[in-house]
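Engineer: Given the sequences, and given the hints that come with them, work out the whole structure.
Chains as they are written, first to last, in the working numbering: chain A, 12 to 334; chain B, 12 to 334.
These aren't lab readings, by the way, just hints derived from the structure by calculation. No incorrect hints appear here.
Using C-beta positions, here's what the derived DEER-type ranges look like:
#1 B:K305 x A:K305: 43 to 49 Å
#2 A:R314 x B:T22: 39 to 45 Å
#3 B:I211 x A:R230: 57 to 63 Å
Just a sample of chain B residues kept apart from chain A, beta carbon distances all over 10 Å, derived:
#4 L27
#5 N49
#6 G89
#7 T135
#8 E138
#9 E140
#10 S144
#11 E147
#12 R156
#13 E180
#14 A190
#15 L223
#16 H236
#17 P253
#18 E275
Simulated crosslink set (SDA-like; lysine to any residue; CA at most 25 Å straight-line):
#19 B:K251 x A:Q286
#20 A:K305 x B:L326
#21 B:K125 x A:L51
#22 A:K126 x B:A279
#23 A:K34 x B:P41
#24 A:K125 x B:A279
#25 A:K125 x B:Q286
#26 B:K328 x A:A124
#27 B:K313 x A:R39
#28 B:K255 x B:R230
#29 A:K313 x B:P35
#30 A:K251 x A:V149
#31 B:K125 x A:M332
#32 B:K328 x A:A279
#33 A:K328 x B:K328
#34 A:K34 x B:Q184
#35 A:K34 x B:Y47
#36 B:K328 x A:D325
#37 A:K125 x B:L326
#38 A:K125 x B:S46
#39 A:K85 x A:G110
Using N, Cα and C, we set each Cβ at its ideal position, and we do this for glycine too.
Protein chains: 2
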Amino acid sequence: MKDLSEMYIPTYDDVLEAHERIKPYIHRTPVLTSSYLNELTGAELFFKCENFQKAGAFKVRGASNAVFGLSDEKAQIGVATHSSGNHALSLSYAAGRRGIPVTVVMPRTAPQAKKDAVRGYGGTIVECEPSTSSREAVFAEVVARSGADFVHPYNDPRVIAGQATCSLEFNEQVEGLDAMVAPIGGGGMISGTCLTLSNIAPQIKVYAAEPLNADDAARSFRAGHIIADDAPDTIADGLKVPLKDLTWHFVKTHVTDVLTATEEEIVAAMRLTWQRMKIVMEPSCAPPLATILKNKELFRGKRVGVIITGGNVDLDKLPWMQR
Amino acid sequence: MKDLSEMYIPTYDDVLEAHERIKPYIHRTPVLTSSYLNELTGAELFFKCENFQKAGAFKVRGASNAVFGLSDEKAQIGVATHSSGNHALSLSYAAGRRGIPVTVVMPRTAPQAKKDAVRGYGGTIVECEPSTSSREAVFAEVVARSGADFVHPYNDPRVIAGQATCSLEFNEQVEGLDAMVAPIGGGGMISGTCLTLSNIAPQIKVYAAEPLNADDAARSFRAGHIIADDAPDTIADGLKVPLKDLTWHFVKTHVTDVLTATEEEIVAAMRLTWQRMKIVMEPSCAPPLATILKNKELFRGKRVGVIITGGNVDLDKLPWMQR
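Structural biologist: This is the structure in structure tokens:
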């Protein structure tokens, strides 16, 4: 990585470098298929199972790239982020593997299980109130005090280059894909996918899938500029955050379309995947299958890669139980 | 296969032949690992995920071997079995792939989801009352009427040779295993495991794991003869059936030990696997991990293969929800 400023746009060389760097700390996750889902959709689907990834989600790719790319001097001071989700776990895991300090600012209302997991990996939690203003104030204080390197959950070239290693592997594992579909929240995974595929397989179309209840990416895509929602309400809690300048660059340049699914369609696709593929995945992973099911004509007869992004779910609160 | 009588003991050649025969109809299932579970147990664990297998369980290996080993004349008449579980689904799947008739005798009280799945694969269901006498009477009538080939769920050399292909793959996928642990009900999977490993890797110890509430295999193993329980009550519903002569032959000859786990230990191990490995597996798959956790000294520092046997579970009735 040549430059760590936010506006540096990562290149394919950064992706290859990231892959070499993080290989010892991540799984090369398997690709699963389901005849049942193929018949149901009329497409040939391949599922890259990042729910089996270290720390339970693809986010560990970007976090590891950031952590292991630091100079020894910088690493010693440590890293910090704000996140109540998989990025918090992933950064804690990566920092733990390197043996450097990591501080995560989390809302005091974050699930206990997530807090326990961060601490389990050796992370320090600083709590804030569940509001943007409190989070920003507390986080600024943490960084000012510690001098820690801020690893943004997605709007960071190191993180995007790390996430891009997923489609690099995927393209090696499955030949002749016509399309890839991944969920979009802040856009880190989609940006990484665009970065890799535009360089090595530009014929593969990239589709982003998101909840209709948090369709800021779809509206941004149609409007031609970033639209950020204030507090979208969706079961796909990993997909509530808005695009930022770096991820917007990739979305507007390389994404074929942004598709949306309702809450009911998301829950149905999630349940169908558990039932038929026997994998535990988060609600945030379900929009790709949900949108493939409702846009069959788009994918019929095609070889379609689907990225299952994570598996960190509360087994006591499954959506089909809460109804 | 040289002889189809029940007392023919399948050989390693039968296993190799079975593997060639069934390869087009089964998945070579992946092997997953979990650093967390390694740390927790002090062993190096490898999980062979037969829950990702066609029809959702390893049973499809034996069923496919029986179905595709039939002569065209015999196949035309069809196959039949009695089962309310994974063998019913697997035999229906295999017969469907060959395009031959399959009749399954199921208790009328069997879960609707299982009945639907059998029909979905093209199977015909004949219902019986939920008692052994009714099942046997109805099944005898079905066979007498149709002349269908009876494929027993486990006490059949073709089925055992088929299940044996699982450890054949496993041994190729993971080098230097010290032990393999699999659940034991009727003993089909354990017999197949013994058959393969005693021929190609006799240094690998084979452990069978079962519910304490259905510990007939453990008691048989200690007594030196088959002990059958009448109606054991356990959440591991695939493990209620007793050993029979053919499976007993392998258990008494090659198994190192039969270990047991309580219902609470089984549910805890099941939940832990879902939570940490992000896979959906049946309660019947959990005794191996449960027994490894309670016999740590036996497995510490060892490379241990665990067979995750199936993933057909009712998502509306998870054991940690029912409490």
